[in-house]
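Those protein sequences? They're chains H and E, same order as listed. Residue 479, in this note's numbering, is where the first sequence stops; the numbers in between run on with no holes. Residue 479, in this note's numbering, is where the second sequence stops; the numbers in between run on with no holes.
Worth flagging that the hints you see were computed from the coordinates, not collected in a lab. Don't take each hint at face value.
A pair holds if it fits inside one copy or across any two, identical chains being indistinguishable in the list.
[To be verified] When the alpha-carbon atoms are kept at most 16 Å apart in a straight line, the in silico EDC-like pairs for lysine to aspartate or glutamate are as follows:
#, residue 1, residue 2
1, K357, E456
2, K463, E389
3, K264, D226
4, K236, D305
5, K236, D273
6, K312, E15
7, K236, E271
8, K312, E24
9, K264, D125
10, K463, E364
11, K463, E404
12, K463, E424
13, K357, D397
14, K236, D268
15, K236, E456
16, K357, E255
2 protein chains.
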Amino acid sequence: MLRLHDLNPHVLRTEYAVRGPIVERAQALEAEGRRIIYCNIGNPQALRQRPSTYLRQLLSLVEHPQLMDDPGAARYFPADVIARAHTVLTEQPPGTGAYTQSCGLPFVRRQVAAFIAGRDGIPADAARVILTDGASRAIEMVLLALIAGPHTGIMIPVPQYPLYSAAIALYGGRQMDYAIDEDTNWQLAGDALEHAIGGASESGIRPAAVVVINPGNPTGAVLTYDNIAMIIGFAKRHGIAILADEVYQENVYAEGCRFVSFAKVMHDLGEHDVSLFSFHSVSKGFLGECGHRGGYVECRNVPDDVVAELAKLQSVYLCPNVPGQLAVSVMVAPPRPGEASYASFMAERAAILDGLKARAAQLEQGINAIEGMSLVRPEGAMYGFVRFELPVDPTVDAARLSPEERRRHEAGRDSAYCLALLEETGICVVPGSGFGQRPGTFHFRTTFLPPAEEIEALVERLKAFHERYGRQRTDGVAR
Amino acid sequence: MLRLHDLNPHVLRTEYAVRGPIVERAQALEAEGRRIIYCNIGNPQALRQRPSTYLRQLLSLVEHPQLMDDPGAARYFPADVIARAHTVLTEQPPGTGAYTQSCGLPFVRRQVAAFIAGRDGIPADAARVILTDGASRAIEMVLLALIAGPHTGIMIPVPQYPLYSAAIALYGGRQMDYAIDEDTNWQLAGDALEHAIGGASESGIRPAAVVVINPGNPTGAVLTYDNIAMIIGFAKRHGIAILADEVYQENVYAEGCRFVSFAKVMHDLGEHDVSLFSFHSVSKGFLGECGHRGGYVECRNVPDDVVAELAKLQSVYLCPNVPGQLAVSVMVAPPRPGEASYASFMAERAAILDGLKARAAQLEQGINAIEGMSLVRPEGAMYGFVRFELPVDPTVDAARLSPEERRRHEAGRDSAYCLALLEETGICVVPGSGFGQRPGTFHFRTTFLPPAEEIEALVERLKAFHERYGRQRTDGVAR
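All chains should be modelled from the sequences, with the hints used to inform the complete structure.
What follows is the structure in structure tokens.
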């Protein structure tokens, strides 16, 4: 029989904390009847966000077009939704049931290009847009193509979204961490990038790309225009590509902050030498359609033959799922002023984004009122990366541990904390070690997606738990 | 800027003929206004097969549950569909919009296990069922886990479905071909397996698994019970796992043939040492829901820790798309006798499967009436692997070529043939070299999914084309 040690060692090494042992324990508790608040993942509709009526009406019609043919049934749908369903079925007569072209439906790829062009005031090419089953699959595909061997370095932020570390491990590349700094509100500094790439060539590493998550996950930080220009300059100097994870581009809440795309800045700079892969998804923003697995990558300054290799990779798995492609279509081409659904679509959108903005502030204030916890205000995205203090562990002299031993020791401590939090309160969060954190600091990531009253309860329970936990550990340590 | 030669060499080496250059050319011709008959791919609904009304009604309601709340709208849906939609939303309250557990919705996994148990009269464990975005992703995942390095051998049939060769190349494993024999109606012989594995250890190859496609793609051959028992014995003797691609299990047409699962035979044999991964999909059978990307893998005789590694791989990409999971649910748990939709569901099913059966026979008779072409009767699946003769090329002495040179030379010839067929007739088929074929033989794969009148036209055009092509080549050769 197959045994664990027969498997691909890269698979064994891969870690993905967002759905790791703590989430498994949460599911087990839930199966026993415990109520769990899943704050571990940006899964808006699981936390009671309502789907976009317009999108769902469209999907409902395209799944079962006979509804449109019956005037009685059709009156349950607005005219613009019916018209759009007809357009979908004209562009793709078999509807949702047939494989599409590997890179997705041509009309949706054109809509994505038009969206980018309209958002940024720059040209965009539909032939360089590839639709995927969620942004995760797009990111995986690009990393698989870029990682030429164990010498290929991919720069990722610390803290990062662990899809990146997982995919790098899985495809046998070399993870190169660059630090983003909590003390400067998680800003990305040029010297941190230079520091991270500094020793690469002596170590036999060939850096291939830098990953930037903007707005940040788990940090919520929003990059400025100048920051982005700096990163592009860095990539150019070192001859590496940029992977711009822009899935939270609609989720910007802080006054004075706005989303600026890498594509826009690159175009403004007249930069034609730096290859850029930018990712977007229907799972975030205000649609929050995680279950539909829709996303795309736009390739810019990427030669045709490289785009063709990505298209080939897509073709092996035939095509992304079609309802997910249609969700992308609605994300990039929402109803327009004058159409029947415009007002209600925009009202739903505003209610969701305003609610998220309010809850980001609510979480920040609540956390910062807890003794021994702090949270940099999330400017965007859906998460707070909460820092918490643990008493010094007198049984271990951290200074005598190797960096890797220390990392593992501290990962054990923040995981134990999050597990205890789950067991005692039913709150499921992800330990900071799953994202990466500065040695000696402890964090967890929580979303602020739950309704306001749950955020309030969450903060209260966190407060009580944290006081208790600190006391217990101190007692334990003292004995 | 990124250049082609910077990329992962495994990616560059990967080939996937089903959607290769000939399909790209077909798409380009179509964009110019040519009518193309896409026989390259098993994409039933693109070839005018109608979707299951029951499944689509269910998806329509689950996408837009307000329809159920309105008695006026609800009367457009049968009572059992409404009841099932309620069940789905009870099991998964956020419906299609939220991430599910990484391995899929627990109730659907239980339905899959119950389906296997009912089909085969054997126990089946929902915890060993993983739902995926189509069977392709399940196959990819298992191969990624099994390929521990360049020494890992994966045995695949020749001819095979090129997902296998593609994924083996992509993850850097070693492809080990075993021949299935056209002269014995594509039967799988034990000595072919032994022959293929014979030289492995001297070559430093560690065989990890044997892939079996039953019913066969591209061959349409259906394995007998004894054949399957023989393969299980082979796998046991050599200590390797079995990947059983059973996505065409509903597509068996020949009198006296029936689908037997590897799980069933393994259970009958009391075999507990051979690890089995069996794959199924909503894209084939009679649902033909390719665009929904639904599938699963069942693991049998696979230790918990290995299943956990597969679950971890799934978790990195969060979860399979939810409408695809619901399509799996309907595939494995169709309406039952007594339910409102039962009769119409079964009638649609019978019409589709009967139609395929008739067209398999129609294609076989048509092809075998063409001088210089032959087709082993497809007992199942959706394809004919048509053999055709080409005049000897006097400019090349095949006997003096290395096996690889000869393969490439002959691949050039069958590709040129298929490209000319496309250009002249608009028929898009896949060259046999994309699947593998015995040296000196030429094939193409065509589906028999198009409606009967198109199959008739296809056969007529093929006949005229083949006569013309042979004449041209002979003339060309003679000059």
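Going down the list of hints, with the structure as the test:
1. K357 - E456: Answer is within; shortest intra-copy Cα gap is 15 Å, inter-copy 62 Å.
2. K463 - E389: Classified as within: same-chain Cα gap 12 Å, cross-chain 79 Å, threshold 16 Å.
3. K264 - D226: Answer is within; shortest intra-copy Cα gap is 12 Å, inter-copy 63 Å.
4. K236 - D305: neither (21 Å within a copy, 44 Å between copies)
5. K236 - D273: Intra 7 Å, inter 55 Å, cutoff 16 Å: intra-copy only.
6. K312 - E15: between (27 Å within a copy, 8 Å between copies)
7. K236 - E271: So K236 and E271 pass the 16 Å test inside one copy only (9 Å; across, 59 Å).
8. K312 - E24: Between copies, since 11 Å is at most 16 Å while 35 Å is not.
9. K264 - D125: within (14 Å within a copy, 51 Å between copies)
10. K463 - E364: Intra 13 Å, inter 74 Å, cutoff 16 Å: intra-copy only.
11. K463 - E404: Neither: 31 Å inside a copy, 69 Å across copies.
12. K463 - E424: The answer is within: 12 Å in one copy meets 16 Å, while 75 Å across copies does not.
13. K357 - D397: Cα proximity of K357 and D397: none, with 42 Å in one copy and 74 Å across.
14. K236 - D268: within (15 Å within a copy, 63 Å between copies)
15. K236 - E456: neither (46 Å within a copy, 58 Å between copies)
16. K357 - E255: Answer is within; shortest intra-copy Cα gap is 10 Å, inter-copy 65 Å.
Violated hints, listed in ascending order, are 4, 11, 13, 15; each of the other numbered hints is respected by the structure.
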